[in-house]
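Participant: The residues making up each chain are set out below.
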Amino acid sequence: MAAPTPPFLEPIEKIRFRINEIESAGTSGPATEEDLVSVRRELDETIKRVFSSLTPWQQCQVARHPERPYTMAYIHSIFTDFTELHGDRRFADDHALVGGLARFDGDPVVVVGHQKGRDTAEKLRRNFGMPRPEGYRKAIRIMELAARFRRPIISFIDTPGAYPGIDAEQRGQAEAIANNLIEMAGFPVPIIVIVTGEGGSGGALALGVGDRVLMLEHAIYSVISPEGCAAILWKDQARAEDAAQALRITAPDLKKLGIIDEILPEPAGGAHMNPGEMADTIAAAIRRNLKPLHKAKPDALVNRRFKKFRAMGVFTDR
Amino acid sequence: MAKETTGPQGLWIKCPDCREILYHREVTGNSHVCPRCSHHFRISADLRLQMLFDNGRYKKFFGKIRSSDPLGFVDSKPYSERLKVYNKKFNGSDAVVVGQGEICKIPTLVAAMEFGFMGGSMGSAVGEKLARSIDRCLDRRLPLVIVSCSGGARMQEGILSLMQLAKVSTGLARMRAKALPFISVLTDPTTGGVTASYAMLGDLNIAEPGALIGFAGPRVIEQTIRQTLPEGFQRSEFLLEHGMLDMVIPRPELKATLARCLSLLR
Ligand SMILES: [Zn+2]
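Chains S and C are the protein sequences, given in the same order.
Per the numbering used here: the first sequence = residues 781 to 1098.
Per the numbering used here: the second sequence = residues 120 to 385.
Bear in mind the hints are in silico, worked out from the structure with no lab data behind them.
Virtual Cβ for every residue (Gly too), placed ideally from N, Cα, C.
Certain hints may be false.
Stated by the list, open to error - Examples of chain C residues lying across from chain S (beta carbon under 8 Å, computed):
(1) I184
(2) A250
(3) S280
(4) T314
(5) F334
(6) A335
Claimed, not checked - EDC-like, lysine to aspartate or glutamate: derived pairs with alpha carbons at most 20 Å apart:
(7) C:K297 - S:D1079
(8) S:K1015 - C:E341
(9) S:K1071 - S:E1042
(10) C:K208 - S:D1097
(11) S:K1088 - C:D254
(12) C:K179 - S:D1097
(13) C:K196 - S:E1007
(14) C:K374 - C:D173
(15) C:K203 - S:D1097
(16) C:K196 - S:D1016
(17) C:K207 - S:D1097
(18) S:K1036 - C:D188
(19) C:K297 - S:E963
(20) S:K1087 - S:D1041
(21) C:K374 - C:D165
(22) C:K196 - S:E1021
(23) S:K1015 - C:D194
(24) C:K178 - C:D165
(25) C:K178 - S:D1097
(26) C:K196 - S:D1022
(27) S:K1087 - C:D254
(28) S:K1035 - C:D188
(29) S:K1087 - C:D258
(30) S:K1088 - S:E1042
(31) C:K183 - S:D1097
Unchecked claim - Ranges between beta-carbon positions, derived for each pair:
(32) C:D258 - S:K1075: 26 to 34 Å
(33) S:E1007 - C:N149: 38 to 46 Å
(34) S:G1056 - C:T343: 34 to 42 Å
(35) C:T343 - S:F797: 29 to 37 Å
(36) S:E1007 - C:F352: 18 to 26 Å
(37) C:N206 - S:A1076: 39 to 47 Å
(38) S:S833 - C:G191: 17 to 25 Å
(39) S:P791 - C:K196: 33 to 41 Å
(40) C:P226 - S:K1075: 38 to 46 Å
Take the sequences, apply the hints, and build the full model.
Facilitator: Here's what the structure looks like:
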């Protein structure tokens, strides 16, 4: 079930393959070194060329790249003492959504996030990062701990969307998402949201009501997937490229529209090219954004969060 | 979907459920409910407000708030052109009409969604009108009723539409903190982002019989799981059975039910 490499990334993937080949051949010496230097230079130049003008549809494919780092990888690089918590205490433990207690720079925090799977078995276990209601209820239960024990919340968003299935509907997918929105609105602790990959509609927003919303350079955040939008408005899923363009789903567009606060630059070629560097960038951003929030009184925090979302939207009033 | 198809001189109407040919007046005189099979015909936001408020009298609010086209969205047709057509047809109401009046003498703010306006979809204008409705309720300590009738977020405003879910929900958190009643009335259809925000957040959730209510649309679910959906799936009665609603109330009894609930909560 490995997704094929999107055509525009093929030149990069081919060079990466070659580098891997040279490195794993195990031969050393000046000739190999020289080879590596020149191939790496070729890689840098190719990345620069390909990434200099990505279309929104291509951004979308970078956001969904099969090697893109997922929430757990970030959690393990950014936090210490991560202690995963399980279950919604109502029905089940949803593996498409993870969360727990941890320390950031030594201070206790609470972390939640969507979790995708890497290989086929894990993809199925994680349901492709599409939570059912019990996932959202687990997230809010863990966030309630943060509110009670006055810990900041760090939320990672990376989901194609909430799972559209019979069981999910039966158990109240809509109610679960709605409840997260209203509950997050009132938590008296700092909430930092980071859109790391796909921000798929209500299923993403259910972890997204924060004081600061940050977004990785090549992540996307949208009301509907480009494919879904194309199927409805163009009556043709193949028009996803047009839909991706029209919907304005990229980080720079969202910054312009006042939806996100900060764009976090990715390593050349995308987060998967250097997950460690990406994690460092995210950690620095959490540090920078948490500092002023720590000083705010709980009431002021909740009030400002309300005003932040109250201001979103563009309309005329004449 | 159920659509009122009136015959010559608008005298007759065919019920889409029982297929009976009915006198138009027979249906309108029965709160637009089929007297044979109790199919609930979809009604306009204005009619909804008239039916709920005493003597059909109410004052409209926020009528000047209109959608713009912030993304310059074009699919088969530019969104700006769609808006022109709908604004003309619905007198600039967008997909929600807000009115203040009395329900059995209880001063109440009611926001009724207009399905005719782009499928009742929620964009920035709908979100702003609902947010201002909440502001007004907080200011004057009024209860709020939202009658949903919507396919969800408006795609043509992209992420801005999605954020209206958060905008309205964070407002409702304030109403909860001030113990001001909010009753959500769900009518056919209530799906997508509208269900996944305010429609499911009522202190009470009340649905009309037989309404389609869900997060994902039935077609999306069928495509995902590749099987046909069970009979009655995502209908009001199904949601009541699964614990998502407080009650399913036929339209002719809705006003009295709302009045009783509001008086018990106030
Ligand atoms: Zn009938």
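Participant: Each hint needs a verdict: does it hold in this structure or not?
Facilitator: Right, here's what the structure says about each hint:
1. I184: holds, 5 Å
2. A250: Constraint on A250 (chain C) satisfied, holds at 6 Å.
3. S280: holds, 5 Å
4. T314: Interface hint status for T314 (chain C): holds (4 Å vs cutoff 8 Å).
5. F334: Holds. Min distance 4 Å.
6. A335: For A335 (chain C), the interface hint holds, since the closest Cβ of chain S sits about 3 Å away, which is under 8 Å.
7. C:K297 - S:D1079: holds, 14 Å
8. S:K1015 - C:E341: Cα-Cα ~17 Å, so holds.
9. S:K1071 - S:E1042: holds, 15 Å
10. C:K208 - S:D1097: holds, 19 Å
11. S:K1088 - C:D254: Answer holds: K1088 (chain S) to D254 (chain C) is near 15 Å, not above 20 Å.
12. C:K179 - S:D1097: holds, 15 Å
13. C:K196 - S:E1007: Satisfied, since the Cα-Cα distance of roughly 18 Å is no more than 20 Å.
14. C:K374 - C:D173: holds, 9 Å
15. C:K203 - S:D1097: holds, 16 Å
16. C:K196 - S:D1016: Given pair K196 (chain C), D1016 (chain S) holds - Cα atoms ~15 Å apart, limit 20 Å.
17. C:K207 - S:D1097: holds, 16 Å
18. S:K1036 - C:D188: Given pair K1036 (chain S), D188 (chain C) holds - Cα atoms ~15 Å apart, limit 20 Å.
19. C:K297 - S:E963: Given that 20 Å is the threshold and the Cα spacing comes to 15 Å, the pair holds.
20. S:K1087 - S:D1041: holds, 14 Å
21. C:K374 - C:D165: Since the Cα atoms of K374 (chain C) and D165 (chain C) sit roughly 15 Å apart, the hinted pair holds (cutoff 20 Å).
22. C:K196 - S:E1021: With a Cα-Cα distance of about 17 Å, the restraint between K196 (chain C) and E1021 (chain S) holds, given a limit of 20 Å.
23. S:K1015 - C:D194: Status holds; Cα separation ~10 Å.
24. C:K178 - C:D165: Status holds; Cα separation ~11 Å.
25. C:K178 - S:D1097: holds, 18 Å
26. C:K196 - S:D1022: Holds. K196 (chain C) to D1022 (chain S) sits at ~13 Å (cutoff 20 Å).
27. S:K1087 - C:D254: holds, 12 Å
28. S:K1035 - C:D188: Distance ~17 Å between K1035 (chain S) and D188 (chain C) Cα, so the pair holds.
29. S:K1087 - C:D258: holds, 16 Å
30. S:K1088 - S:E1042: It holds: about 14 Å lies between the C-alpha atoms, which stays within 20 Å.
31. C:K183 - S:D1097: Roughly 5 Å separates the two Cα atoms, so the pair holds.
32. C:D258 - S:K1075: 26 to 34 Å: Once the Cβ atoms are compared, 30 Å apart, the range 26 to 34 Å for K1075 (chain S) and D258 (chain C) holds.
33. S:E1007 - C:N149: 38 to 46 Å: Between E1007 (chain S) and N149 (chain C), where Cβ atoms are some 43 Å apart, the hint holds.
34. S:G1056 - C:T343: 34 to 42 Å: holds, 36 Å
35. C:T343 - S:F797: 29 to 37 Å: Holds - the Cβ-Cβ distance for T343 (chain C) and F797 (chain S), about 34 Å, lies within 29 to 37 Å.
36. S:E1007 - C:F352: 18 to 26 Å: Since E1007 (chain S) and F352 (chain C) have Cβ atoms about 24 Å apart, the given range 18 to 26 Å holds.
37. C:N206 - S:A1076: 39 to 47 Å: holds, 41 Å
38. S:S833 - C:G191: 17 to 25 Å: holds, 20 Å
39. S:P791 - C:K196: 33 to 41 Å: Once the Cβ atoms are compared, 38 Å apart, the range 33 to 41 Å for K196 (chain C) and P791 (chain S) holds.
40. C:P226 - S:K1075: 38 to 46 Å: Once the Cβ atoms are compared, 42 Å apart, the range 38 to 46 Å for K1075 (chain S) and P226 (chain C) holds.
In the structure shown, no violation is registered for any of the earlier numbered hints.
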